[in-house]
Amino acid sequence: SAVISQKPSRDICQRGTSLTIQCQVDSQVTMMFWYRQQPGQSLTLIATANQGSEATYESGFVIDKFPISRPNLTFSTLTVSNMSPEDSSIYLCSVPSDRGDTQYFGPGTRLTVL
Amino acid sequence: RKEVEQDPGPFNVPEGATVAFNCTYSNSASQSFFWYRQDCRKEPKLLMSVYSSGNEDGRFTAQLNRASQYISLLIRDSKLSDSATYLCVALSSYKLIFGSGTRLLVRP
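Chains A and B, in that order, are what the protein sequence lines are.
Start counting the first sequence at 1; every next residue gets the next number (the working numbering).
Start counting the second sequence at 1; every next residue gets the next number (the working numbering).
Hints listed in this document are in silico derivations from the structure and should not be mistaken for laboratory results.
Everything numeric in this text was worked out from a predicted model, so none of it was measured.
Even for Gly, the Cβ is constructed at its ideal location relative to N, Cα and C.
A couple of the hints might just be wrong.
[To be verified] Straight-line C-alpha distance at most 25 angstroms; calculated BS3-like pairs for lysine-lysine:
1. K42(B) <-> K7(A)
2. K45(B) <-> K7(A)
3. K2(B) <-> K95(B)
[As the list claims (entries may be wrong)] Per the computed footprint, the stretches of chain B lying under chain A, defined by three or more beta-carbons under 8 angstroms from a beta-carbon of chain A, are:
4. 9–15
5. 95–107
Next up, chain B with everything else stripped away, as it sits in the complex:
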């Protein structure tokens, strides 16, 4: 079993849609969690950190449920520019453990 698991998608949604990605992690000792965004042929870039209290950054909302070992990312009012692969990441010791990524395609 992978330490961080995601639905690979792709999620194909129209502009303006709301889309949610889910992620589970197996190591209960993981300290921190993040969502990274990776565009085609580019390096991963930090999108946002994930906290138990939930955090919001514009159209993006991330949530952590430690009891269920579950992480989510909600994107509201999808834009064409949101098309990318979204990587769920856990920090265990000082190491980042990456999920395989969920691909999002936003169509006009």
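Extracted from the complex, chain A is given alone in its bound form:
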């Protein structure tokens, strides 16, 4: 399976600020995914990041709030903009398996917004 790292691992931020989360994978992948896991909840897909094109956002998520970059096939960033306490969550990136039928996850970024 791919080795995926995320930075930062955790952060505590003030309301109204923005945080950019980085995701690095040790192999080239066409698609990378960003998920949110709110306290006590399961994972919800935010968007799919494809290299060389705009990210595809799921219902309820918009680019202005969660801008995504995908500059190359091994790296992506997710920015949580103008944060509020409701954005407190774990943010995870993932990549498809070699067969493409499942995904492997990064360690996550635990965000607390005060």
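With chain A held as given, fit chain B onto it using these hints.
Using the frame of chain A, we list chain B on its own:
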């Protein structure tokens, strides 16, 4: 209605017990199914894929019933280290749809 539904538990069982988790899914077009395991404050990790023919990996057995849109996971001879949240997952198009998870606590 959630697309993937699970009993949240917790299931509190003694070591050595056999425990079964169930999951239902609503999208009949879902192509593949998985069980993931998530430890506290960790990322989800793939436990096993689920096939109609059933598949077994050591103490773990997974089963898919497409007619009933039902997925199960059986854990035999539970270990303390099996304590975790077990996530039922369906692949629809290229997207993974997660259930809310079933929490398992194995006690000495």
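**Request:** Enumerate the violated hints, using their earlier numbering and listing them in ascending order.
**Result:** The structure breaks only hint 4.
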